[in-house]
Amino acid sequence: MANNFFLAQPAVLPLVAGAAEPWPETATLYQPLKEDQILLSDCASSLAVQAYLRMCGLPVQVAYRANAEYMSPSGKIPFIHVGNQVVSELGPIVQFTKAKGHSLSDGLDDIQRAEMKAYMELVNNMLLTAELYIQWCDDATAAEISRPRYSSPYSWPLSNILAYQKQWEVRRKMNAIGWGGKTLEQVYEDVSQCCQALSQRLGTQPFFFNKQPTELDALVFGHLFTILTTRLTSTELAERIKSYSNLLMENNLSV
Amino acid sequence: MGTVHAKSLDPLPMHGRDLGVNPDDLVEPPEMEHEAKQEILENKDVVVQHVNIQGLGRTKEDLLGYEISDVFHAKNLIDVMKKAHVARQKLLRLGIFKEVEVLIDTSDGTDALPNGLDVTFEVTEIKRLTGSYNTMVGNNEGSMVLGLKLPNMLGRAEKLTFQFSYGTKETSYGLSFFKPQPGHFERNLTLNMYKVTGQFPWSSLKETDRGMSAEVNFPLGMTNHTLKWEGVWRELGCLARSASFAVREESGHSLKSALSHTVSVDSRNSAIFPNRGALLRINQVSVVLLLVTDLLKELIFNTEPVLSASLWGGMLYPLGGQPSCIADRFYLGGPTSVRGFGMYSIGPQSEGDYLGGEAYWAGGLHLYTPLPFRPGKGGFGDLFRTHFFLNAGNLCNLNYGDGPRAHLQKLAECIRWSYGAGIVLRLGNIARLELNYCVPMGVQSGDRYTVFL
Chain A
1 MANNFFLAQP AVLPLVAGAA EPWPETATLY QPLKEDQILL SDCASSLAVQ AYLRMCGLPV
61 QVAYRANAEY MSPSGKIPFI HVGNQVVSEL GPIVQFTKAK GHSLSDGLDD IQRAEMKAYM
121 ELVNNMLLTA ELYIQWCDDA TAAEISRPRY SSPYSWPLSN ILAYQKQWEV RRKMNAIGWG
181 GKTLEQVYED VSQCCQALSQ RLGTQPFFFN KQPTELDALV FGHLFTILTT RLTSTELAER
241 IKSYSNLLME NNLSV
Chain B
1001 MGTVHAKSLD PLPMHGRDLG VNPDDLVEPP EMEHEAKQEI LENKDVVVQH VNIQGLGRTK
1061 EDLLGYEISD VFHAKNLIDV MKKAHVARQK LLRLGIFKEV EVLIDTSDGT DALPNGLDVT
1121 FEVTEIKRLT GSYNTMVGNN EGSMVLGLKL PNMLGRAEKL TFQFSYGTKE TSYGLSFFKP
1181 QPGHFERNLT LNMYKVTGQF PWSSLKETDR GMSAEVNFPL GMTNHTLKWE GVWRELGCLA
1241 RSASFAVREE SGHSLKSALS HTVSVDSRNS AIFPNRGALL RINQVSVVLL LVTDLLKELI
1301 FNTEPVLSAS LWGGMLYPLG GQPSCIADRF YLGGPTSVRG FGMYSIGPQS EGDYLGGEAY
1361 WAGGLHLYTP LPFRPGKGGF GDLFRTHFFL NAGNLCNLNY GDGPRAHLQK LAECIRWSYG
1421 AGIVLRLGNI ARLELNYCVP MGVQSGDRYT VFL
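Chains A and B, in that order, give the protein sequences. So in our numbering the end of the first sequence lands on 255, straight run, no missing numbers. So in our numbering the end of the second sequence lands on 1453, straight run, no missing numbers.
I should point out that these hints are in silico values taken from the structure, not numbers from a laboratory. Where is the CB? At the ideal position from N, CA and C, for every residue including glycine. Where hints are given, some of them may not hold.
[What the hints assert, rightly or not] A short, non-exhaustive set of chain B residues, derived as facing chain A with CB atoms under 7 Å:
no. : residue
1   : R1248
2   : S1251
3   : G1252
4   : V1306
[As the list claims (entries may be wrong)] Examples of chain A residues toward chain B, derived with CB under 8 Å:
no. : residue
5   : N67
6   : Y70
7   : M71
8   : P73
9   : H81
10  : V86
11  : S151
12  : Y154
13  : L158
14  : L162
Chain A on its own, in the form it takes in the complex:
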């Protein structure tokens, strides 16, 4: 699941044109319906973006749409509508705000910036992928939670068609990156290792880098908060995370 933070994403429309305009009041973030539809992975990504924008001091309204996933130019949640521009996913959004002159990682030197990017890649490749695996590749979770929630805005038979289509798509992707053969236990182990690495980097500091929160903090917050507050078929995932207390403390501070 190579989430390309650093390449020129097709998810971003001409940046140069929009750079000159200030951040409008009407900036809106779109995500699926909160109560009935949104799934763990999308909720985590959306929360990460909201946290990041709040840290930058940029106001954004949140709009809930059943078809948010299809409205997004890259097919991923969330996306923001700022002026004339539509930008989706955290990486391109960070670049977009940087072009407008708002950034959280300006104070970092090159080494730290590279490190930050590496950790963000880790979170995406491990945590996000694990979330997707648990949602769609674990039969119990898929049948009880993911499929009913994903298809809730649609009527039969469209609901069944779309839910199964999404499940097959995610499973194909998992097979492509080599996660298809993993068991649930192995996935939980991977999550633990990811949290271990983050915990070690954090140590006793309040934030990952310097005394300022960066986009890495927003990303980690988004994922951990969502995992802890989302009901799944088993509490195993939440339990694994709870054992890394310094990560939890850091999140409380940055809320």
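Chain A is already provided as a structure; the job is to place chain B on it using the hints.
Structure of chain B alone, referenced to chain A:
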């Protein structure tokens, strides 16, 4: 090789006068030009004793009985010829025979009457499977279209058609089953299953429909009715990255179940260059959430040159308070409705994408005359006409809270209209090619217009 034998409907033998005509003359379908013969023939009473159909393979006999039964009622020879001709037309319209030939002969055999006639229809059935292959190129896309048709599949004029289109950008296919009611060909049922894709650059929208439909046609008096149910899984998406946000908001999947009823009265004598007649078509579609009414009325006056007036309108009413979908709304503009304006480029739009409207009306006044100085008269030149036109129309969204008076007012303000002249070429009986010079008037901000079209 099967044959159909039918007995005469009249059991009592009729004693008529001797025909006085050499039986050999009756072997070919007699021509009507010989006056003297015609006089004699008209006055003779005849009885049609047998009607045979030869050349049947898979066609079931009971189907054809209805079409040929009228021939038995003929009372004299001219009548027999007329009714046989009508029966031949009826057999051909079933679409299951390549050729039908009629033979009228005096009857022979043990029960032959002196004035008895045998009518024989010699038919050639269409092949069981026909295929077609076309390539189409257009709009930056090439595609290969494969068609398969099974006419007269089960012997009662059913037809199964399969079409598959494989293109550089999109793939579509459709399966269709047609079944007429035996004896009443105009009452028929069609079942469809399809996947089609469409691209609409004027709205920066692309649409993929996967669905099925069932349609029943029946005539009622002078009118033709069509009742159709359609269930579609509709997927909308943006055609380009630069699509407006209003169109982006409509992206996604939806399910549409629609029941529609169409009434039409068509007395034009040609679909492309009619000389006289009128067409009235009213279409009502009721979807779970929408009510759509579409009306097309066209009048042609029998003059040479031909004057044609047409009026059409439609209204979309969303039930249940939800907004209407962009794929259901009406579009207006272009060479088929209001000439002088870009294709479907009238009405509400956002950042250059046309969103369609919930109510519209359009009208046209056309005058067709043969080309001046009539070049190529009697041949190629007859396919052309000069064409003067006046088109008008309006497309907007109505605020259903206001009364009908406010609606009429809204439709009457900001009318777009255009006038002009050009040349029209008829292609077969299916299409026409126009080249016009138009003067668009009443252009509102946001509409797109052209002068040559």
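Do the hints match the structure? See the list:
1. R1248: Since the shortest Cβ distance to chain A is 5 Å, the answer is holds.
2. S1251: holds, 4 Å
3. G1252: holds, 3 Å
4. V1306: violated, 49 Å
5. N67: holds, 3 Å
6. Y70: Cβ of Y70/A sits 4 Å from chain B, so the hint holds.
7. M71: holds, 5 Å
8. P73: Hint on P73/A: holds, closest Cβ of chain B at ~7 Å, below 8 Å.
9. H81: Holds. Min distance 6 Å.
10. V86: holds, 7 Å
11. S151: violated, 10 Å
12. Y154: holds, 7 Å
13. L158: Holds: closest Cβ of chain B sits about 4 Å from L158/A, inside 8 Å.
14. L162: Cβ of L162/A sits 6 Å from chain B, so the hint holds.
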